[in-house]
Amino acid sequence: MNYYLLDAEDLAADDYFKEWVSSPTPDADAFWKTFLHDYPERYYQIEEARQLVTALREIQDQPEQTARVEGIWKRIEQTLEPAQPARLIQGINWLRGWQVAALLLMTLSAGWLGLNRLKGSPAPKDGLVQANNDWIETLNEASQSMQIQLADGSLVKLLQGGRLRYRKELVGPQREVYLTGEAFFQVRKNPTRPFIVYANGLVTKVLGTSFRINAPVNASTVTVDVKTGRVSVYANQPSRVQDPESKGMVLTPNQKAVFHRDAATLDKILVDSPSLLISRKESQQFVFEDTPVAQIFSAIERAYGVDVIFDEEVMQHCSLTLSLDDEDLFQKLDVICKVLNAQYKLIDAQIVIYSEGCRKSM
Amino acid sequence: MLNPCPNTDLWYAFRQGDRAAFQQIYALYARDLLNYGFKVTRDVSLIEDSIHDLFIELWQSRANLSHTDSIRFYLFRSLRNKITKTRNRDLFFQASDINDAPMVIDDFIIENTLIEGEESHRINQLLLKSFALLTPRQQEALNLRFYQHFSNEEIAQIMGVNYQSACRFIYAGLKTLREVVRIMCIGLLWVRLEGF
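Line order of the protein sequences matches chains B and U. Going by this note's numbering, the first sequence opens with residue 2, and the numbers climb by one from there. Going by this note's numbering, the second sequence opens with residue 58, and the numbers climb by one from there.
No lab work stands behind these hints, which were simulated from the structure alone.
Only pairs whose alpha carbons sit at most 35 Å apart, straight line, appear in this in silico DSBU-like list of lysine-lysine:
1. 232(U) / 34(B)
2. 269(B) / 190(B)
3. 142(U) / 158(B)
4. 346(B) / 206(B)
5. 142(U) / 75(B)
Next up, chain B with everything else stripped away, as it sits in the complex:
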């Protein structure tokens, strides 16, 4: 570099010169002293450039910002509070604790409409919701259902009008997704990382199983049908005192939870058409000829994963001829009750049989 030809602004823009002014080293000092000694006529250029570099650093110095620096840090800490669902709405970071929970509930309750309106508003804060790049949102606008494969290998069949929000990498200790509308989940088993679906105020937590969630945007209920495995469902009401999951319920196959959003209550019932949980080959062995009902009911319990409650003493003389294959559970119960002159009721996903007993056969 031929410094002799440089103007003051060229010198100021030069890396080596700037370094010398900002943090002089003996080497640099020696170099510029020699330079001035050799070319004393360049003194003014050097002096002007030195003044520029020094002044530019000084006048850039903002007034004391300590309060501001601390204020932002407090907000960061608040946002990083362990309340998990708060991540979704991290932009709305000045709220915390139950406020965040309440807000989340409200946002979800209002459906995604509310969130969309938030996004559309010109306030600068709204950008923070969108800025969360690693979330992907899929809306199924097609007339058919849509298959989505998540990063962990889990499959989601998103029905028409369904909206699923999930992380591209599903990072973190939990696999979390957000749903409105209807979807069928087949979750890849991973006992160390629970898979959690947030849907209209209902939390569904599984380790690896298949189930269906129906959470229409404006409906008053959310339903979860379990096909395989065990599923834990609970209201999305984070509390510091009590684990919200302990107030929920565990569902097994052919069971269904109905979540009433207004009251935040959960009911457990049977799915509309319970399916056989045993293989077809196994079910073909369930052919009963003049068999005591206790044996038949226990076979039904096994085949459909349901509880059948009946008075063993009263029904000790009742027996039936029946095959379990094909027909659907409720049809079978109808047939059994007709033959036995009994009735059944579904109470909390259990089948309760009311019978006056049978006459002792000859």
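Please build the complex by placing chain U on the supplied structure of chain B, with the hints as guidance.
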């Protein structure tokens, strides 16, 4: 040291999920980021929100960061992206060219407590006023260059412009300021002569 290199131990601890290390990193860069934010926009809450989001994202994506990443460069570039992205959605800013937007300089000058009387400080005062008259991009580039000590290449990347443009911002800004320095020096000489 001009470019405070990220302490590799600190960086490693942070990537392992150490909250104390995270706080240290924040303490190390927050002031510079705030300062730089003021060169990009005058909207204080926008700057604060952007810095907040920046560190939240940094914490959440810590597992995906490599040990060679220049944290300082990354923070500056991300901050600028965030501010401009949000600002571009803002109708007010869309209505007028950002380069023509007048900058409020009064508080800037008042808050800057320079000792009166000494020549170099008077030059600084004048430079400060002239600095405020430079285009926002020139101001930003000069801040990154002379206060934050980034290289021209890094400045280009942070500002999202090509290398030549970044150099042009710096050079044009310097040239304007240099003329002020020269006039000032002559002026000072004139005042002194009049004194006799």
